[in-house]
Amino acid sequence: MSAQMIEISYREAVREAIREALNRDPRVFLMGEDVGRYGGCYAVSKGLYDEFGPERIRDAPLSEAGFTGAGIGAALGGLRPIVEVMTVNFSLLALDQIVNNAATLRHMSGGQFSVPLVIRMACGAGKQLAAQHSHSLEGWYAHVPGIKVLAPATLEDARGMLWSALEDPDPVVIFEHVMLYNRSGQLAADAGAVPIEGAAVRREGGDVTLITYGGSLFKTLEAADTLAADGIAAEVIDLRCLRPLDDATLMASVARTHRAVIIDEGWRSGSLAAEISARLMEQAFWELDAPVGRVCSAEVPIPYPKHLEDAAVPQTDDIVAAARAVLNR
Amino acid sequence: MSRLYRMPSLGSDMEAGTLIEWVRQPGDRLAKGDVIAVIETQKGAIEVEVFHDAVMGRPLIQVGDKVPVGSPMAELEDASAAPALRPATGIPATHAPEPGPAVAEAGTRTSERIADQAGHRIGHRAGTGTAAQRRRASPAARRLADARGIALDAIEGSGPRGAVVLADVHAATGTTPTTEAASPPRGHLDLAAMRQAIAAAMSRSKREIPHYYLSHDIDLTAATDWLTARNAQLPPDQRLLLGALLIKAVALSLDKFPELNGFDRDGHFEPAQGVHIGCATAIRGGGLVAPALHDADQLQLPTLMTRLRDLVGRVRSGGLRASELSDPTITVSSLGERGVDRLYGIIYPPQVAIVGFGTPALRPWVQDGQVVPRNIVTATLSADHRHSDGHRGALFLARVGQRLQEPDTL
Amino acid sequence: MTRDEIKTIALQELIGVAADLAGETIPGDAQLRDEFDLDSMDILNWVSALHKRLGVDIPELDYPRLVSLDATADYLLERL
Numbered sequence: 001m002s003a004q005m006i007e008i009s010y011r012e013a014v015r016e017a018i019r020e021a022l023n024r025d026p027r028v029f030l031m032g033e034d035v036g037r038y039g040g041c042y043a044v045s046k047g048l049y050d051e052f053g054p055e056r057i058r059d060a061p062l063s064e065a066g067f068t069g070a071g072i073g074a075a076l077g078g079l080r081p082i083v084e085v086m087t088v089n090f091s092l093l094a095l096d097q098i099v100n101n102a103a104t105l106r107h108m109s110g111g112q113f114s115v116p117l118v119i120r121m122a123c124g125a126g127k128q129l130a131a132q133h134s135h136s137l138e139g140w141y142a143h144v145p146g147i148k149v150l151a152p153a154t155l156e157d158a159r160g161m162l163w164s165a166l167e168d169p170d171p172v173v174i175f176e177h178v179m180l181y182n183r184s185g186q187l188a189a190d191a192g193a194v195p196i197e198g199a200a201v202r203r204e205g206g207d208v209t210l211i212t213y214g215g216s217l218f219k220t221l222e223a224a225d226t227l228a229a230d231g232i233a234a235e236v237i238d239l240r241c242l243r244p245l246d247d248a249t250l251m252a253s254v255a256r257t258h259r260a261v262i263i264d265e266g267w268r269s270g271s272l273a274a275e276i277s278a279r280l281m282e283q284a285f286w287e288l289d290a291p292v293g294r295v296c297s298a299e300v301p302i303p304y305p306k307h308l309e310d311a312a313v314p315q316t317d318d319i320v321a322a323a324r325a326v327l328n329r
Numbered sequence: 001m002s003r004l005y006r007m008p009s010l011g012s013d014m015e016a017g018t019l020i021e022w023v024r025q026p027g028d029r030l031a032k033g034d035v036i037a038v039i040e041t042q043k044g045a046i047e048v049e050v051f052h053d054a055v056m057g058r059p060l061i062q063v064g065d066k067v068p069v070g071s072p073m074a075e076l077e078d079a080s081a082a083p084a085l086r087p088a089t090g091i092p093a094t095h096a097p098e099p100g101p102a103v104a105e106a107g108t109r110t111s112e113r114i115a116d117q118a119g120h121r122i123g124h125r126a127g128t129g130t131a132a133q134r135r136r137a138s139p140a141a142r143r144l145a146d147a148r149g150i151a152l153d154a155i156e157g158s159g160p161r162g163a164v165v166l167a168d169v170h171a172a173t174g175t176t177p178t179t180e181a182a183s184p185p186r187g188h189l190d191l192a193a194m195r196q197a198i199a200a201a202m203s204r205s206k207r208e209i210p211h212y213y214l215s216h217d218i219d220l221t222a223a224t225d226w227l228t229a230r231n232a233q234l235p236p237d238q239r240l241l242l243g244a245l246l247i248k249a250v251a252l253s254l255d256k257f258p259e260l261n262g263f264d265r266d267g268h269f270e271p272a273q274g275v276h277i278g279c280a281t282a283i284r285g286g287g288l289v290a291p292a293l294h295d296a297d298q299l300q301l302p303t304l305m306t307r308l309r310d311l312v313g314r315v316r317s318g319g320l321r322a323s324e325l326s327d328p329t330i331t332v333s334s335l336g337e338r339g340v341d342r343l344y345g346i347i348y349p350p351q352v353a354i355v356g357f358g359t360p361a362l363r364p365w366v367q368d369g370q371v372v373p374r375n376i377v378t379a380t381l382s383a384d385h386r387h388s389d390g391h392r393g394a395l396f397l398a399r400v401g402q403r404l405q406e407p408d409t410l
Numbered sequence: 001m002t003r004d005e006i007k008t009i010a011l012q013e014l015i016g017v018a019a020d021l022a023g024e025t026i027p028g029d030a031q032l033r034d035e036f037d038l039d040s041m042d043i044l045n046w047v048s049a050l051h052k053r054l055g056v057d058i059p060e061l062d063y064p065r066l067v068s069l070d071a072t073a074d075y076l077l078e079r080l
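So the protein sequences, as listed, match chains A, B and C.
Mapping to the UniProt record's numbering: the first sequence position 42 is 42, numbers consecutive.
Mapping to the UniProt record's numbering: the second sequence position 42 is 42, numbers consecutive.
Mapping to the UniProt record's numbering: the third sequence position 59 is 59, numbers consecutive.
A portion of the hints provided could be inaccurate.
[Unchecked claim] Some chain C residues near chain B, calculated using beta-carbon distances under 8 Å: (1) D20; (2) D29; (3) Q31; (4) S40; (5) L44; (6) S48; (7) H51; (8) R53; (9) P59; (10) E60; (11) D62.
No lab work stands behind these hints: they were computed from the structure.
Keep in mind it's a predicted model, so treat the numbers as computed, not measured.
Ideal Cβ placement from N, Cα and C applies to all residues, glycine included.
Isolated chain A, as found in the complex (with noise of 0.2 Å):
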C-alpha cells in the first residue's frame, strides 16, 4: 500500500486536523478571537466557519480569561472544545484559567472532574511582531503539572496531534511556531492522529546530539546539514511533546553521541533548555564527554527591527558553532 502524497502547508495541516475532529466528534468545537468570519490571524480556521457554522466555529470577544475560562467549562461539562489563543503572549491573560483550573481540576476533584481541552496557541519570533506578540513561554507551560505541552514542527504532528490530543481526558497546550504555518512538503494524503507522547530522531548521528523542537528544528536541520559537511555527524531530536519530557530518548542518543546542545527560543535563564541540561546531568552525567551547550534567545523583549529580531533568537549559524564548540572542532 502506498500512501498518496499531497502538496500541503503546515497551515493546511493544522486546519484538516481541526477539520477531522469537528467531523468525526460533534463534541468538538473552535473557540477564539476572530477564528470564524475572519478565518483566524493566521488564518488557520479560514472556511471553516462557512462550512461548520457559528454554533462550532465560535468567535470569542477579546477575553482569554473569559473564553478560556468557557472552554473549560464546557469540557467540565462533556464538551471538547479547541480553544484557539493568538499568541502565547496573549496567553497569559488566561494563565490563571490554564494553570489554577484546567491543570488542577483532576487533582482538586480526587479525580472526580477531568478536562479534556484543548489550547492551540501560536508562539515565536520572526515576523516583525515585536515584543508583545513574538515570545517563547513554552518553557512556562512545561514548567506546570496536569497539563501536556506538545510543539508539533512537521507537517504530520500538525496534522497528527490535535486529534491524539483531544482525545486525552486532560488538558492538552499545543505550540504552533508561528514561522511554520507558511511552511510546506508533502505529506501522505490519508495521514491522521500520531501518538502525542515521545521525542523523536529526525536526524541520526553519532558525534552529536542536537535536541530541539517546533520552530527551531528546522534551523537545526540546516545546521547538521552543515556539521556534516565538515564530518560532524549530528542526531537531531524534535522534542514534539514538552511535558513530559522523553527523558528516554534524549539519554539513549546522548549515551551515543557524548555530547549535547539543547536549541530552545526561549530566553536562556529558566529556560526548557535549562530542564533538559539538568536531566542530562542527572542522568547521563558519565556519558558527557563535554558540558552540555545550549543556544537560546538573547535576553531581551524580542525585537520589532529585522536585524535584531534575527540576532535575538537562534539561528543556524549559532547551533553550527554550539555545535563545533563541545566538540572542539
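For chain A, the structure is supplied; the task is to place chains B and C on it using the hints.
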C-alpha cells in the same frame, strides 16, 4: 619509577600502528635496541625497539589494538629499580603473606611497592591525602579511564578547554570506539594503506619542499667490469649487485656534503649523525618502502650486500624494524636492470635529498677523442633548496661519478 | 633427475625467495623478469638457492638464460 613505552613514529606519514605481538613479556630485561613488539603499519609488520635499558612492565594495550603514534603501549620500569618490583624469591607459595613493613608514609612509593607486590594498583586510586591539581576531564573520559585503569595525567586533552575527552582515552588505551577490527596477519602488506601513506608523504613533499633537480651521466664501465670479474670467482651468495656499489658510492660521497644528509626540522636543517641510506624498494603489485641501510659509509661491500639482501627480503616478507623506517638520512632509488634512462625522485620528508639511478645501458661516449660504447648510467639528485644549492648538489653528484670510477676503493 | 623434477625444484626455490609469488600460476614459458617482476636481487637470491640445493655453479654471465622456468630447467639439466 616507571616510564611509558609509546607507539613510535616510523616516519612522518605514520599515524597509527596495530599491535601484532608482544615479543617480550612483563619482567623481561630489555637492553637499548631490543625488539619489544611487532606492530602492523601501512608499511607492513615492523619490529619496534626500546630506546634505553629497561624492564618490561605492564602492557597497556592488547594484541590487535590500533593506537595512534605516541600512545602508551606498555609501562617500562627502570632497569636498576627492577629487583624491587619482583616478589622476593624463596617465600613458599603456601605461606600466608607476612605482615608488611609498617607504612610510614601514606600514598608513597613504599605503599605503591607493597600494593604492587600484592597485585593491587594504587597509583590511580583516589586517596585521602592531599590532592594534586585536578585534571580537567569529561565525565565519560573519567569513567573510561577508570575502567581501563589508566591515569588521566598521562593523557593529553583535546576537548573543550583542553579537557581529556573520550577520544583521548581511547587513543591512550589503544582502543577505538568503533573500529576494533582484527589486525591482518604478520607479514601481510596492506597495499592500499601503503598507497595512502605514500600519497600522504609525497603530497607533503611536493607541497612543502622546493626541489631542485640535477642529472649526471656516469660511465659505469669500470665498475661493471670490476664487478663481473669479482663475481665470476665467487659463489652466488657472495656476489655483489651493482646496486650495492651505487649505494656505497653515494654514502662515501656524502662526507663532504653534510647538507644533503639529514633532516628538515620545521625549516631548519639538522645534519644526521651517520649515513643511513634509505634503499627504495619496490613491492610487487605496487608499493614502495625505503628502509635504512645503517652506516652504509662504514660497511665493507660484502657486508653491505648482505645487509641489503636481508633488508629487501624483509621489505617483501614483513619484519622491518622501526629504526629502519625512521632512520634514513637520504634515499637512494635505483631502477635496476629493467627500467628507463633516468628517474627524478621526490624527497621523502623530513629528509632533504634523494639520489636516483636509471637503468645502465650501452651508450655512445666520447673518450680520448673517440666515440666508444660505454656502460652509462644517469644519476640524478633531487634536493631541498631550502638547505642546499644546485652548485653544491652538482659537486656531490660529480663526486659520486668519480667514486664509481674506482670501484676497488668502494 | 628428470627435467620435470628440476623444473619443480626451480619453482620451489623461486617461491622460496619470492614468497609473494606463492599463489601465482607460473607457466613454464612465462618470462619471469617481465611477467613476474623479478629484479636482479630476486634473480641473485634464486641463483644462490639453486646453487645450494643442486650444487650447480651458475656464473653471472649465464643469468640471461634463466628467462623462464622451462629455460632454467633446460639450462640446469645441461649443467648437472
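Hint by hint, here is what the structure shows:
| no. | hint | in the structure |
| --- | --- | --- |
| 1 | D20 | 5 Å, holds |
| 2 | D29 | 19 Å, violated |
| 3 | Q31 | 11 Å, violated |
| 4 | S40 | 5 Å, holds |
| 5 | L44 | 6 Å, holds |
| 6 | S48 | 4 Å, holds |
| 7 | H51 | 5 Å, holds |
| 8 | R53 | 11 Å, violated |
| 9 | P59 | 6 Å, holds |
| 10 | E60 | 5 Å, holds |
| 11 | D62 | 11 Å, violated |
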